[in-house]
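Here is how the chains run, residue by residue.
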Amino acid sequence: MSDAAALPSLKSDQLFINLGPQHPSTHGVLRLGLTLEGELIVKAVPDIGYLHRGTEKLAEVRGYHHCVVLTDRWDYVSAMPNNLVFCLAAEKLMGVKAPARADALRVMTCELNRCASHLLFFGTYGIDVGAFTPFLYAFREREMILDLFEMLCGARLTYNYIRLGGVGMDVSADWLTRAKEFLEYFKPRLDEYDTLLTYNPIFMARTRGVGLVSAAEAVNWGLSGPNLRGSGVNYDVRKHDPYSGYESYDFEVPLGQEGSCWDRYVCRVREMRQSIRIIEQALARLPEGPILAPGVAKVPKPAAGEVYAHVEGSRGDLGIYLVSDGGISPYRMHVRAPSFVNLAMLEEKLAGMKVADVIAVLGSIDIVLGEVDR
Amino acid sequence: MIGYFSRIFRDAKALVQGHGITLGYLFKPAVTVHYPDEKLLPFEKFRGALLFDAATCISCNLCVKACPSNCIQLENATNEAGKKVAKVAWYSIDFGKCNFCRLCEEACPTKPKSVWHSLDYEVVFTKRDEMVRCWKASFPFIGRYFDRQAGDFKDPEGQVSIHDVAPRRN
Numbered sequence: 580m581s582d583a584a585a586l587p588s589l590k591s592d593q594l595f596i597n598l599g600p601q602h603p604s605t606h607g608v609l610r611l612g613l614t615l616e617g618e619l620i621v622k623a624v625p626d627i628g629y630l631h632r633g634t635e636k637l638a639e640v641r642g643y644h645h646c647v648v649l650t651d652r653w654d655y656v657s658a659m660p661n662n663l664v665f666c667l668a669a670e671k672l673m674g675v676k677a678p679a680r681a682d683a684l685r686v687m688t689c690e691l692n693r694c695a696s697h698l699l700f701f702g703t704y705g706i707d708v709g710a711f712t713p714f715l716y717a718f719r720e721r722e723m724i725l726d727l728f729e730m731l732c733g734a735r736l737t738y739n740y741i742r743l744g745g746v747g748m749d750v751s752a753d754w755l756t757r758a759k760e761f762l763e764y765f766k767p768r769l770d771e772y773d774t775l776l777t778y779n780p781i782f783m784a785r786t787r788g789v790g791l792v793s794a795a796e797a798v799n800w801g802l803s804g805p806n807l808r809g810s811g812v813n814y815d816v817r818k819h820d821p822y823s824g825y826e827s828y829d830f831e832v833p834l835g836q837e838g839s840c841w842d843r844y845v846c847r848v849r850e851m852r853q854s855i856r857i858i859e860q861a862l863a864r865l866p867e868g869p870i871l872a873p874g875v876a877k878v879p880k881p882a883a884g885e886v887y888a889h890v891e892g893s894r895g896d897l898g899i900y901l902v903s904d905g906g907i908s909p910y911r912m913h914v915r916a917p918s919f920v921n922l923a924m925l926e927e928k929l930a931g932m933k934v935a936d937v938i939a940v941l942g943s944i945d946i947v948l949g950e951v952d953r
Numbered sequence: 758m759i760g761y762f763s764r765i766f767r768d769a770k771a772l773v774q775g776h777g778i779t780l781g782y783l784f785k786p787a788v789t790v791h792y793p794d795e796k797l798l799p800f801e802k803f804r805g806a807l808l809f810d811a812a813t814c815i816s817c818n819l820c821v822k823a824c825p826s827n828c829i830q831l832e833n834a835t836n837e838a839g840k841k842v843a844k845v846a847w848y849s850i851d852f853g854k855c856n857f858c859r860l861c862e863e864a865c866p867t868k869p870k871s872v873w874h875s876l877d878y879e880v881v882f883t884k885r886d887e888m889v890r891c892w893k894a895s896f897p898f899i900g901r902y903f904d905r906q907a908g909d910f911k912d913p914e915g916q917v918s919i920h921d922v923a924p925r926r927n
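Sequence lines, in order, name chains R and E. Taking our numbering, the leading residue of the first sequence gets 580, the next gets one more, and so forth. Taking our numbering, the leading residue of the second sequence gets 758, the next gets one more, and so forth.
Same shape as in the complex, but just chain E:
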């Protein structure tokens, strides 16, 4: 009988103690944010979606060799004489394979970096074609994808740019 009541007392005490802790936090500000309405800015080193600048790229192939998943492809541009020049004809990243490991950015020798991680963490691919981003001379940093049905390059729809140009591009 005593054991029965002492157990009830012990469990009730633990319940009150537990509630005591949660009660303390009830009057403190919330640590969460309401995501789609409020968005947190990641830290400056954050490895988000890759951006590329065809104007500064010297087509050295170092990022292609540094990539652990072979998701980068590029082709040299050629001049009128058919000789290769230090520019890319086209450059593509397959985000279906990308590891977001920053080895390509670290390998890039140009200043400012020609391929770099942005802060964009909201990247959505609605089509398989969209995963392969392509860059050519006049393309924006976030690239375009080749729509095989339409047979044309299109702007990606599912990417929200947290910053227009990443602040860490150096």
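One chain only, chain R, in its complex shape:
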């Protein structure tokens, strides 16, 4: 009789663990209920709702000017596109068009915010897969963008800058100089990021070929933003349904190839370069003129009707469906939050993966729980 046969038979049980809600890698309060078979995931159930503030319902009892403040709280990492999409929808309802200077400022601030948001992703994704240094570098640059915003509108995250019919504050000459200086400083930093993280062999080994999402799957799940483009689908609201004068800017849409974590990551890093291009063009052409369109009432009462407006937010196709019944507040507001839709693929994608890859996949889809739960 051999020794092995004398041992009691090794029985394995499935193990249920909670990843989150207080886990540094879930980027907020996402709870993942994972059923494990050894190191393999059998089943993953994302549980959301820990950050639900009910802003969609709140909008029904608030005025249109007040709703802009509510929008700041969805995707608090990039609040400018949130402000913009609500203002675009409400302006459609009221039949107001923002002046040219306001449009240029909107584009500029939204693209700066996209850089800030992608920098946060870049830094935290590095931490998720075990690289600490890029985080410090990314946050150093992000601080500079937030300083620009603080100088412009007084807040670092919840801007309330883009208002109905234009923007809230005009830029000063000092701000424009600082913005130009920042762009000059920022461009060579992106090359450093590529050396530090993008083409680092360890990072590539962790993320390339992990969490593959084919183009067909991405479209079927309704993914948008860099998650969709990482799979090679060329869809960008800025190109395909331009708003605020994006059709007149010259920029490219970076695409990934196979839809792995690395492709999604590299899409975002390359998008920052395109954002810089857009900001430079906007700075060069910034027209003179008013920043607020006339004809926006202090308490707007748009005619009854319904509109849909969408923008390319930092995380994807951010849309708002706004219904008015002619009263002082919207009758209904619905948000098509890209993070929420992007999160939906997790349940199916995570099954069959190793635990270590969960963080790599979760980080690469770049969700903000404030937007998921709203």
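These aren't lab readings, by the way, just hints derived from the structure by calculation. Where hints are given, some of them may not hold.
Claimed, not checked - In silico DSS-like pairs for lysine-lysine, Cα to Cα no more than 30 Å straight-line:
no.	chain 1	residue 1	chain 2	residue 2
1	E	Lys893	R	Lys877
2	R	Lys676	R	Lys766
3	R	Lys877	E	Lys802
4	E	Lys893	R	Lys759
Here the structure is a predicted model, which is why all the values come from computation and not from measurement.
Place chain E on chain R using the hints.
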């Protein structure tokens, strides 16, 4: 075998390149400050804790209507005949609800502004009562809170004034 060594070489090269970048920054001045000892002054437009001046307020209610979270309350003062006058009897802001959005300051019609954002970013509330700041005629700009246990108005303890009066009050 060649693949094994070439991989080691490739990874080692990436490591050296990465260290090259960080080494460059080692000899540059630090971008951080030691916070409690050194404090940065925010930009002039910064939206910090709200201040209020009961002397200039005309009790027009515009800030109350502009507030998206209904955190401002006020009551008109009355004269001896019981008629309302353009002064506040009391004014209160609930910082538990405040969004720091500057809509109240923008709506304020007086010159100088009667309610405005200071540069104070160090606001700490140690008690729930402290979140509701009250202002009456002789109260300072940062207001007092009503301590329900003591039944009296007290000065807030957890606020550090970066400036005594905000420079942007216009």
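Restraint status (C-alpha distance of R:Lys676 to R:Lys766 at most 30 Å): violated (33 Å)
Decide if the proposed pair is consistent with the structure: E:Lys893 and R:Lys877, CA atoms, cutoff 30 Å inclusive. holds (29 Å)
Compare the distance between the alpha carbons of R:Lys877 and E:Lys802 with 30 Å, and conclude whether the hinted pair is satisfied. Distance of about 23 Å is within 30 Å: holds.
30 Å Cα cutoff - pair E:Lys893, R:Lys759: Violated. E:Lys893 to R:Lys759 sits at ~47 Å, over the 30 Å cutoff.
Checked against the numbered hints given earlier, the structure breaks hints 2 and 4 and satisfies all the rest.
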